[in-house]
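Heads up: the sequence lines are chains A and B, in that order. Read in order, the letters of the first sequence are residues 8 to 280 in my numbering. Read in order, the letters of the second sequence are residues 8 to 280 in my numbering.
Please note: incorrect hints may appear among the correct ones.
Copies of the same chain look alike in the list, so a pair counts if it works inside one copy or between any two.
In silico lysine-lysine, BS3-like type, Cα no more than 27 Å apart, as pairs [claimed, not checked]:
| no. | residue 1 | residue 2 |
| --- | --- | --- |
| 1 | K109 | K272 |
| 2 | K51 | K109 |
| 3 | K174 | K272 |
| 4 | K18 | K201 |
| 5 | K113 | K51 |
| 6 | K109 | K84 |
Calculated directly from the structure, the hints in this document are not laboratory data.
There are 2 protein chains.
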Amino acid sequence: MDRNSLIQAIKSKSTYLCVGLDTDINRIPHHLRNAKDPVFEFNKQIIDATIDHCVAYKPNIAFYEALGSSGWESLAKTIAYIPKDIFTIADAKRGDIGNTSKLYAKAFFETMDFDSITVAPYMGEDSVVPFLEFEDKWVILLAHTSNPGSADFQLLEDQHGIPLFEKVLTTSQKWPQSDRLMYVVGATRADKIKRIRQLAPNSFFLVPGVGAQGGDLQAVSAAGLTNDCGLLVNSSRNIIYASAKEDFAREAKNQASLVHEQMKKLLDQYCHV
Amino acid sequence: MDRNSLIQAIKSKSTYLCVGLDTDINRIPHHLRNAKDPVFEFNKQIIDATIDHCVAYKPNIAFYEALGSSGWESLAKTIAYIPKDIFTIADAKRGDIGNTSKLYAKAFFETMDFDSITVAPYMGEDSVVPFLEFEDKWVILLAHTSNPGSADFQLLEDQHGIPLFEKVLTTSQKWPQSDRLMYVVGATRADKIKRIRQLAPNSFFLVPGVGAQGGDLQAVSAAGLTNDCGLLVNSSRNIIYASAKEDFAREAKNQASLVHEQMKKLLDQYCHV
Numbered sequence: 008m009d010r011n012s013l014i015q016a017i018k019s020k021s022t023y024l025c026v027g028l029d030t031d032i033n034r035i036p037h038h039l040r041n042a043k044d045p046v047f048e049f050n051k052q053i054i055d056a057t058i059d060h061c062v063a064y065k066p067n068i069a070f071y072e073a074l075g076s077s078g079w080e081s082l083a084k085t086i087a088y089i090p091k092d093i094f095t096i097a098d099a100k101r102g103d104i105g106n107t108s109k110l111y112a113k114a115f116f117e118t119m120d121f122d123s124i125t126v127a128p129y130m131g132e133d134s135v136v137p138f139l140e141f142e143d144k145w146v147i148l149l150a151h152t153s154n155p156g157s158a159d160f161q162l163l164e165d166q167h168g169i170p171l172f173e174k175v176l177t178t179s180q181k182w183p184q185s186d187r188l189m190y191v192v193g194a195t196r197a198d199k200i201k202r203i204r205q206l207a208p209n210s211f212f213l214v215p216g217v218g219a220q221g222g223d224l225q226a227v228s229a230a231g232l233t234n235d236c237g238l239l240v241n242s243s244r245n246i247i248y249a250s251a252k253e254d255f256a257r258e259a260k261n262q263a264s265l266v267h268e269q270m271k272k273l274l275d276q277y278c279h280v
Numbered sequence: 008m009d010r011n012s013l014i015q016a017i018k019s020k021s022t023y024l025c026v027g028l029d030t031d032i033n034r035i036p037h038h039l040r041n042a043k044d045p046v047f048e049f050n051k052q053i054i055d056a057t058i059d060h061c062v063a064y065k066p067n068i069a070f071y072e073a074l075g076s077s078g079w080e081s082l083a084k085t086i087a088y089i090p091k092d093i094f095t096i097a098d099a100k101r102g103d104i105g106n107t108s109k110l111y112a113k114a115f116f117e118t119m120d121f122d123s124i125t126v127a128p129y130m131g132e133d134s135v136v137p138f139l140e141f142e143d144k145w146v147i148l149l150a151h152t153s154n155p156g157s158a159d160f161q162l163l164e165d166q167h168g169i170p171l172f173e174k175v176l177t178t179s180q181k182w183p184q185s186d187r188l189m190y191v192v193g194a195t196r197a198d199k200i201k202r203i204r205q206l207a208p209n210s211f212f213l214v215p216g217v218g219a220q221g222g223d224l225q226a227v228s229a230a231g232l233t234n235d236c237g238l239l240v241n242s243s244r245n246i247i248y249a250s251a252k253e254d255f256a257r258e259a260k261n262q263a264s265l266v267h268e269q270m271k272k273l274l275d276q277y278c279h280v
């Protein structure tokens with residue numbers, strides 16, 4: 008998906024919600040567990056219920072890998088089921104030497120038809136560039152994550168007091184095809200998002216952690232929205248596990264719809280897409 | 008596999024060679040391509056041919072993921088085929104927030120029975136610790152990789168001139184169950200390995216890049232070997248693609264045997280396992 012199509016989708020639906028498909032076989036409602044492919048059946052019903060309220064879906068690849076080859080099949084079916092006008096994110100946090108990254112890119116951009124993949128920056132330029140060579144595909148590079156351990160290395164400062172995550176932001180924007188970069192920016196502190204917005208004024212940020220990890224949608228949006236929107240805010244468990252019963256899809260829709268209502272107002276208030 | 012068993016295997020075989028199973032469907036000899044599962048068939052023959060000369064196998068997960076669910080099945084069959092007295096490494100470079108890392112650990116330590124997995128440190132302690140909770144399983148944390156991009160972030164220095172990869176080494180050794188940590192240490196510069204050995208005197212290092220990436224076995228071993236050996240040196244393409252013809256397994260054995268001979272001498276010279 009190209010940038011204009013993504014912005015157009017946000018504009019026409021008035022939402023920048025991404026629904027995280029962290030589908031845990033142990034949390035799927037009981038009545039689905041005898042389905043032929045419970046994970047896909049759950050995802051299908053979640054997608055049908057929430058598609059009017061979001062612009063993106065983000066399967067967390069670990070949940071599928073933990074099931075072995077059958078999980079991989081559920082993932083492939085899920086990604087094939089999502090309509091092409093919806094942005095898809097493989098939350099995979101991959102990254103390896105060049106020829107290996109190329110194969111990961113092939114796995115997620117060709118074998119499956121994801122629009123984007125999350126990538127870890129530790130191995131530097133030649134580990135990321137192979138992902139950037141695919142037209143209309145995106146790399147969402149880890150910049151500042153929202154977990155406690157993010158402080159261990161991402162906040163380490165150089166001689167000039169510049170933390171590692173800022174170096175990742177500024178260095179990566181000099182790489183070839185860096186217009187295909189987005190960034191993962193954790194939502195736990197809005198002041199950080201404001202600073203990161205200064206460093207990457209035109210980039211889309213994928214913001215996880217609103218809700219379960221304690222981020223605040225209002226504060227995040229005030230700090231991060233641009234005239235092109237520039238944000239994809241993810242919610243996983245709050246939506247997909249809103250109910251553990253037969254009404255799970257309806258409750259997921261209700262939760263997604265609540266976020267959608269807030270996002271409509273925030274888009275009106277902070278940006279002019 | 009526990010530490011003593013690994014050291015015992017190195018001692019009894021006089022080798023610290025790890026064979027990288029970077030099995031590329033496009034490089035498998037033609038006569039195998041009509042096999043029911045060409046990737047597994049290739050791996051099986053490579054394992055049979057090289058098993059007397061190595062103590063570890065390292066499938067590069069990207070090569071299997073690129074094939075979708077069938078690749079995942081080839082990988083599961085491969086790992087089940089490797090005898091339990093051989094150390095196995097999932098070269099996956101995973102790492103995510105805690106509950107997600109737990110699922111990756113489950114995928115590689117339970118769904119499949121790998122002894123170890125490579126993990127990227129960018130997200131810090133709570134992204135790594137879930138992997139460390141499995142008894143007799145190992146995390147091989149990226150410290151200093153051998154690719155050109157390693158300079159982008161791993162060499163960034165703090166106010167005291169300490170580069171990021173050294174921080175990763177010293178910080179991670181303070182984490183719970185850090186006795187289950189090994190480190191990825193690229194082989195392109197022996198002086199770096201010497202320095203890293205000072206910072207982690209008792210840890211095993213997985214050294215990729217000897218051969219194809221230009222590392223020198225003699226220099227790496229002189230700098231990195233300890234009395235417990237402390238090294239696993241990986242070779243992938245030089246061994247598994249030694250020939251593209253029907254004699255591929257025999258040629259792989261020949262190449263592995265050449266490395267084995269060198270390692271015998273180096274173990275005699277530098278350590279007393």
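Discussion item. Of the numbered hints stated earlier in the document, which are not met by this structure?
Written reply: 1 and 3
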